[in-house]
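Asker: Those protein sequence lines, which keep their order, are chains A and B.
Numbering of the first sequence is given in my numbering, commencing with residue 293 and proceeding in unit increments.
Numbering of the second sequence is given in my numbering, commencing with residue 4 and proceeding in unit increments.
Bear in mind the hints are in silico, worked out from the structure with no lab data behind them.
Wrong hints could be hidden among the right ones.
[Said to hold, decoys possible] Pulled a few chain A residues facing chain B out of the computed Cβ check, cut under 8 Å:
id: 1; residue: Thr-313
id: 2; residue: Leu-327
id: 3; residue: Ile-330
id: 4; residue: Glu-335
[Unchecked claim] Reference listing, derived: stretches of chain B covered by chain A, where coverage requires no fewer than 3 residues with Cβ under 8 Å from a Cβ of chain A:
id: 5; region: 54–60
id: 6; region: 108–119
[Claimed, not checked] Not the full set, but computed from the structure, chain B residues with beta-carbon under 10 Å of chain A:
id: 7; residue: Ser-16
id: 8; residue: Val-22
id: 9; residue: His-24
id: 10; residue: Glu-25
id: 11; residue: Arg-423
id: 12; residue: Gly-443
In this text, a Cβ means the ideal position worked out from N, Cα and C, and glycines have one as well.
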Amino acid sequence: MEERLIATVASVLRVPKSTLTLHTGPGDLEVWDSLAQINVICEIEAEFGISIPVEQVTEIRHIRDFLHYLEKTP
Amino acid sequence: MKCALLSNVNVESIARQMVAHEVYIAQGYGAWTRELADPTSGSLSYGPSSVFLIIDGAELMRGQGGLEPTLAEIRQHLACIEQAAERLPGIKFFVSTIDVPARALRPLKEERIERHLEQHWHRGIARASASHGNIYIFDLKELVEQVGRSFLYSNKRWYLGGLRFSTAGEKLIARELERVLDAQLVARKKCLLLDLDNTLWGGVIGEDGVTGIQLSETGEGARYRDFQLRIRELGEMGVILGVVSKNNEADALEAFERHEHMVLRKGDFATMKINWSAKAKNIAEVAQDLDIGMDSIVFIDDNPVEREAIRTELPEVTVPEFPADTCELASFFGQVFKDYFFTLVSTGEDRKRTDAYLANAMRAAERTAAPSIEQFLTGLGTKIFFSRANDEDLARAAQLTQKTNQFNLTTRRYTEQELRALQTTPGAEVFIASVADKFGDNGKVFTGIVRRDRLGTAELDTFLMSCRVLGRFIEDQILDQLIKELRTNGLSRLRVQFIPTRKNAPARAFVERLQGGQVVSDEEDGVRTWEFDITNASPVTQPAYAELRMQPVRFPKALP
């Protein structure tokens with residue numbers, strides 16, 4: 293699950309997977325700007341078939357924050 | 004390739020997907036009309052060869068009061084696009100069609116004015132495209148219709164970042180934009196070769212007979228008829244069609260002649276190889292007969308063994324996978340078109356091409372019958388029309404530089420935009436020639452670029468000719484005429500360069516039969532440059548077989 297999550301983020305940002313850990317987040321990489329953040333969220337939603345409420349989007353500061361939503365999915 | 008993306012919504016994320024190209028995005032995404040109107044704006048001064056206008060219908064209509072004011076605004080936008088296109092003839096403008104979702108919940112009695120707006124916009128850009136050679140229609144609405152709004156749009160992205168399209172939608176749009184850019188760079192394929200049994204019709208003609216094969220107006224047999232309709236459309240766009248099939252020739256020809264629902268007829272094909280030889284051998288012969296490279300051939304066959312054999316033996320030939328479900332044949336072919344034959348415009352020259360290949364077959368027959376090559380060439384009644392390339396010729400001249408591989412001295416590729424710039428460059432000139440004979444008009448088959456320096460030397464930057472008129476010494480006669488023009492214009496020397504490629508042996512044969520040249524440079528990679536004194540002599544040794552008409556234009560233009 294964690295690996296698939298990092299792979300998804302890496303493909304959106306067009307960076308090698310090795311540059312990312314669960315603790316990486318927007319601001320840590322130059323390419324991960326606010327636009328990229330929207331793309332990351334939407335790609336993860338599509339990849340894992342989940343929906344992250346708009347109200348909670350600002351709370352996502354690191355890749356590990358997505359895990360919280362993924363664990364809820366069946 | 005440099006391009007600019009203008010939109011009334013945020014398209015930056017789409018631009019990021021197009022990694023193979025340099026994409027300029029206007030700052031402040033609502034500013035697209037200002038960007039267009041202002042020649043010093045970032046997107047226009049950046050020097051793009053293509054400008055895309057991706058117009059979001061919902062955003063365009065936002066805050067409009069009623070139909071009339073909206074229509075008036077659309078007219079203004081269209082006028083703005085047309086003015087930009089007129090001011091910048093070297094830039095191609097791709098204007099999107101629009102999709103306008105219903106604005107509100109409405110009763111079933113109420114008319115959907117959105118449909119009017121979509122139509123009005125479409126008619127407007129279609130008119131602009133018809134009257135401006137550099138305005139094209141980018142059919143975004145068609146994309147919406149194909150995949151659906153729920154796939155293409157994303158509410159979340161809209162509210163979060165003003166991004167109208169979903170991530171999947173953006174990928175799709177980026178791919179379509181890249182296709183348009185690539186079509187300007189990559190040479191499209193020239194020839195489509197088709198198997199017959201279970202490809203152009205259902206069943207096996209040798210076993211089922213003309214009445215037994217599946218091919219009909221309606222029902223199951225319509226799968227193949229619809230497929231044939233698409234293939235004929237491709238033929239009309241100038242792609243050469245051919246048949247490569249293992250069959251008894253008489254059986255197959257009977258089907259083409261007698262089947263009432265056969266769309267394609269014998270005359271639609273420039274070549275038919277219907278025999279029991281290996282298909283690789285037949286395809287190699289087709290390439291030779293038509294004088295085209297293996298890499299410009301696409302081969303369609305339902306049999307996986309045949310496909311694999313061609314992929315192994317002739318790796319340069321493109322062999323798409325055949326659809327497992329033949330109900331998808333016509334849509335499969337739509338994809339084949341997009342992937343290998345996509346073109347922005349189908350030029351008159353393209354459409355004439357299949358006819359030209361047929362005429363070539365007749366010429367070949369006459370050549371076999373003629374007692375000598377000289378008598379054959381004289382008997383053809385060839386006429387060459389040679390002139391400076393004018394504005395209307397430049398699209399064709401650019402296409403020739405992009406596609407010609409065999410008779411091409413330097414194989415330098417140029418875009419229409421670059422040639423347009425050359426036509427106003429002092430000391431440079433683009434010239435073009437068309438060729439006709441008693442079998443038909445070959446159209447504009449020859450182009451070249453000559454540059455002069457201040458010391459009386461002219462240089463052949465480019466000298467190329469379509470292979471369909473090769474072997475008739477037309478190139479010799481054109482060079483001879485060109486030298487006369489240069490001499491009249493006070494030039495005394497001509498520099499000719501040959502850059503070898505894997506394919507341009509015919510050009511090597513040409514430079515080697517020129518006389519009196521002095522090798523001025525000989526580089527390691529086989530690039531060789533000669534200089535000829537043209538004050539009294541001509542390096543051309545071949546007699547003139549054609550009647551040459553020259554538009555009396557002195558060129559190249561003088562240097563300041």
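Asker: Can you give the numbers of the hints that this structure goes against, from lowest to highest?
Answerer: Violated hints: 1, 5, 6, 9, 10, 11, 12; rest satisfied.
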